[in-house]
Every structure is written in structure tokens, then in C-alpha cells.
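Trainee: In case you want the letters, here they are:
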Amino acid sequence: MTPPTATPYRRAYRPAERRLVGGVATGLADHLGVPVLYVRLAFIVATWFQGVGVIAYLLLWRFLPLQRPDLSPGLESATRRGLRSGSRTGPTEIAQTIALGAVGIGVLLLIQSTGRGINDGLFGPLLVGVVGVAVVWRQLDDVAWSRWMRETRGWAFASRVAAGGGLVAVAALYFITKEGGWGAALNLASALVVAVLGLGLILGPWITRLMGDLSEERRERVRSQERADVAAHLHDSVLQTLALLQKNAGDSATVATLARRQERELRSWLYGNDEQPGDSLVAALRASAADVEDTHHVPVEVIAVGDASLDPDVAALARAAREAMINAAKHAGVDRVDVYAETDGQTAHVFVRDRGVGFDLAAIADDRMGVRGSIVDRVERHGGTATIRSEPGGGTEVALSVPVRAPEAVPTPTEGVTP
Amino acid sequence: MTTLRVAIVDDHAMFRTGVRAEIDGPVDVVAEAEDVDSAVAVIAETRPDVVLLDVHMPGGGGLEVIRRLHLRHPETKFLALSVSDAAEDVIGIIRAGARGYVTKNISGPELLAAIDRVAAGDAVFSPRLAGFVLDAFAGTIEIAQVDEDLDRLTEREREVMRLIARGYAYKEVAKELFISIKTVETHVSSVLRKLQLSSRHELTRWANDRRLI
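Note that the protein sequences, when read in sequence, are chains A and B.
The opening residue of the first sequence carries number 1 in the numbering used here; numbering runs sequentially from there.
The opening residue of the second sequence carries number 1001 in the numbering used here; numbering runs sequentially from there.
FYI, nobody ran anything at the bench for these hints, they're computed from the structure.
Here the structure is a predicted model, which means the values were calculated and not measured.
A portion of the hints provided could be inaccurate.
Stated by the list, open to error - Stretches of chain A that chain B covers, calculated by requiring three or more beta carbons in the stretch to come under 8 angstroms of a beta carbon on chain B:
id	region
1	295-306
2	340-353
What the hints assert, rightly or not - Quick list of simulated restraints, FRET-style, between CB atoms:
id	chain 1	residue 1	chain 2	residue 2	range
3	B	K1182	A	D344	24 to 34 angstroms
4	B	A1013	A	V52	51 to 61 angstroms
5	A	S224	B	A1041	31 to 41 angstroms
6	A	S224	B	M1014	24 to 34 angstroms
A virtual CB, placed ideally from N, CA and C, is assigned to each residue, including glycine.
Construct the entire structure; sequences and hints are all you get.
Mentor: Here it is in C-alpha cells:
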């Protein structure tokens, strides 16, 4: 539940890395939130009725954009260097789809044989034409895809386009010979129409792809410039840290803190998103944790499930959590503080826990202004609850929660926005 | 009790040496490997009990190692060990069959405990992994016992996951919930099983949003 992004509406995509043929069924299944099997089934059943399924499939193939995974820099680099497995369609899914397709074609032929299907003269060439178009389009998708992967396109490309084009041509030829009985003028006209249609089918996507590529390249250029900037910045900061480490080699606490800060910085760049402390609860908690680590030399681990935008209540929660972190780091005498935040849309919870010395709540509850004022009262003023559990020697856990307002600012989980 | 036989698979030699120095003795490090092909070969040959597996490695990463070995040698347990915090890769490797995930800054004794646990057939969930899992299953809280058992966590499993995410050790979880450690282990293993087997579309969608599977 991150704050709304530039596109507030959901778009359907064909996922590039999980497609079997065109990725239409998978994309639709993701979009509609139903198992992909049902979508495939629907296409096949629709095909029995005058080929509607195939037409719908081809149209969607044309109009749904191919989606390439937008990975963080670290993952993208790892993918490029082959350090992680690309996604792969499972063999069961392939087998299932082939079986489904076989049944579909079987029933289709059955319908054909009863004479209720598509006109027999058209059925053969249409089938060949559709397969040809599918081969060519798939190839075009792959070219766009492999450009993103920065791989050179090979030999197979040309031959497959030729094969696809050939199939389309055969279909066209078949049409013309079928129409042989008509007048010569009509013959020529139909040949022309078929040729134009064929060319349109083959070249159309090429042209749209070309236009898409241009904007994609522009975006890529901006992105690579940004990356160069960040890399330079990180490079500097790593050098800086290394210099500081050498200078402080004797002081293990400082060394650990420096190393951890550097680790955090690199990690958030490589695998995270560049969130600002003012953006959301989790971002604020992470920023506080980083500050506490730097000041008190105690690692603070933040785990978050869900997120909430920083309205006044949630901001108070974040500030109280910060105080709790500082308390734990200062007084508990531990080498690690755990922070867990969970937001379920109605309530935001934050738990700050240490396994440190603990204290007797009853003995100090009244005069510990820090705990009362900065943690408990602050949260309670905003309609939340704060409980502190601690026992001498048994560690301390501060549990905080405030209700989350449900304004327009917080997108509902069904929006499909990633938490 | 016989000494556990362990293989270390990581592309950084320095890290392998470090881990070996920390755990050799209590366990028997029988093999090391630095990429997917050599890992598959050496694991098939030495048949270790537990494989410590890096997530990112030349040749397709730890996921590929599990894919190639899991069916042939189901008795070999995998424990993912990584600095990678990318949720998609961590969940991906668990879905492929790893029995747990720990980060590389884990201490020697903790790592040994994790190896024992994995060898015994239990699951090892670090707070971070518990957070990812809760995230993945989020949104289906209430009714636990409906038909699609695999697709949701029971309230108890959710509580256990939450406590682990809050930094509780298994022992502390047990004490907090007034159950035995064995029961905690059972819950964690069942969460692992659900994570691996569930095909719930929300989970798929979550994975999809994070670009995994």
C-alpha cells in the first residue's frame, strides 16, 4: 500500500517472462484475478463459436502492451550476469495448455465435420494464417524483449519471420485460388486486398513497436544517466566509509556502525525503492532506525508488512516508535533492536523489542517522563494504544497502535498496488 | 548422533572460508562449490545432509541448484544464506524447496542451530522471511478452515509468524503463546509447506507484482 503512483488505474499487461504464446491469457488472469486455466478455457470455448476466441486473442495480443519486469538495479545486474534464475513457465502448465489446446482443436474439428462451423473453404487457410501471424508476432515480441535483455538477435529471428510470413502468404494464395471461379478483375482485387491485409498484419506491429521503442529508448537513456549518478555517489560514499574504517580500526563499535550504515545505503539502492522519510510509516521507521543506529551504535532491524501514509496519527505513531527505539538503544544494553510494523488498512501496529536488561514498570512508571510523555501519551492523544511490557532481565517490548483513517490518500489493498 | 554433513555453495571464496571456519567441527563440511554446475555435481556426489546455498550465483543462482537436485535427491535439505534482501528471490528460493532463509551476518552458533533445525526437517524463518511471508499471505485473515486450506494461514500460524517477525526466537514464541517449541516448529513447517504448495492467485499476484515465479 504505497502512496498512489502516477497511474492510479490498473492496466492489463502481457507479462513478458511468463508467456506461453502471446502472454494474453496470463496477463488477463493477473488482471482479473482468476486462475489462468479458466482464461485459457474461455478462449478455447469461444473459439468453437465461429473462431471468436482466436479473434479476441489476436486483438488482445495486439493491444495489450508487453510488460518487462522493472527490477531494482541490483537484481537487474544479477539477472544480466546470470546470478539468478529467470522465471520459467512450469512444465505442468505447458503440458496442461497443450492438452487443453488439443481438446479445443478436437472439438473444433468435430464442429467443422457437422458443418456448423466456419465455411470449409475458409477454415484451412484461416488456420494456417492464424498460426503464421502468431509466429511472426511472437518473434516481434521476442525482439523487443531481447533488446531489453541486451542480447543480440540471432539467425533464428530471420528464419522464423520468414516461416511466419510464408504461412501467411500460403494462406493468402489459398484464398486466391479458392476464389478462382470468379471473374479475373475480382480475382485481382481480392489478391490485392489479401496482400495488403497480410502486409498490414506483418508490418503493423513492427511500426507500432518502432514507435514504442523510441520512447522506451528515451526512458532508458534517462535511467542510465540516473544510474551513473547514483553509482558515482555510492562509489564516493563507499570510499569514504573505507577511509573512516581504517581510521577507526581500533574502535569496534564505530567500525560496526560504519559498516552497517554503508551496508544499509548500498542495500537500499540495490534492492529497495528510494523512499523519503515523509512518504509513509515504513519509510519514517526506517529513517528513525538509521538515525538510532548511527547515534547509539545499536543495529535496529525494521520488518514491515503493509504500509500507511503519514497522516498526523500515523506520524505520531512513528515518532513514538522512534522514542521507543532510542530508549531501547540507550538503556537496554543490547546489540540488536527489532522493530516490526504491520498495517492492515484499519490499524497500524508497531512493536519495538529488545532482549535487554528490562525494568520494573511499577517502580518507575510515574517519574519516567520520557516513556509516559513521549511514547504513551503521544499515541493515546491520537486515539491509539500503547502497552509496555518489561521485566528486569527479560527485555522490553513496546507495542503501539493507532487507527488508520481511511481517506482517499490510502489506496485500498484491492488496487493491486504492491505493499 | 552422527555429525551432520554440510556443503557450502557460494561464489565468494572468502565467504566460504569464513563459514567453514565457523561451523567445521560441530558439523562436517564435505563439499564446497562456487557455481550452479559444480554445485549440482558435487552435491550429487557427496550427498550432504544440508546445503548452505547462496541466492545469487553464476549459472542461474541457488534456485537453479534446487530445481536440478530437489527431485533427484529429496533427502538433501537446502538452507538459503544470502545478503540479498530482494523479497522476490527469497520467496522464490523457498517456493523452489529451500527449508529456510538466513542472512549472511548470522552468528556461528545461530547458523549451527539453523543447520540442525533444517536437517531435522524443520523450517528456519528469520524475522525478515516471516515479514515477507505475512506480506505474501496478507489480506486473508479471518476464517481459517475453509476448503482451500493451503491458501491461507490459520490464525495461529499468523500469530507465530508475527512473533517471529517481531524478533522472537522459537523458544520465546512458545512461551508467549503457551505452547511447546515442538508446536511452534510444526506451525512454522506448515507455513513453509503452504508457501511452497499454495497456488492461491493472490499469492501468485503478489509474486507477480514482485516479479517472481
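Trainee: Indicate, hint by hint, whether the structure satisfies it.
Mentor: Checked hints:
Check result for the region 295-306 of chain A against chain B: holds, 5 residues qualifying (beta carbon to beta carbon below 8 angstroms, three or more required). Proximity of the region 340-353 of chain A to chain B, defined as three or more residues with a beta carbon under 8 angstroms from a beta carbon of that chain, is established by the 5 residues found. Roughly 30 angstroms separates the CB atoms of B:K1182 and A:D344, a value that falls within the hinted 24 to 34 angstroms. In this structure the supplied range 51 to 61 angstroms holds for B:A1013 paired with A:V52, their Cβ-Cβ distance being about 60 angstroms.
Checking the proposed 31 to 41 angstroms range against A:S224 and B:A1041 shows it holds: the Cβ atoms sit about 38 angstroms from each other. For A:S224 and B:M1014, the Cβ-Cβ distance of about 31 angstroms falls inside the hinted range of 24 to 34 angstroms, so the restraint holds.
In summary, this structure violates none of the numbered hints.
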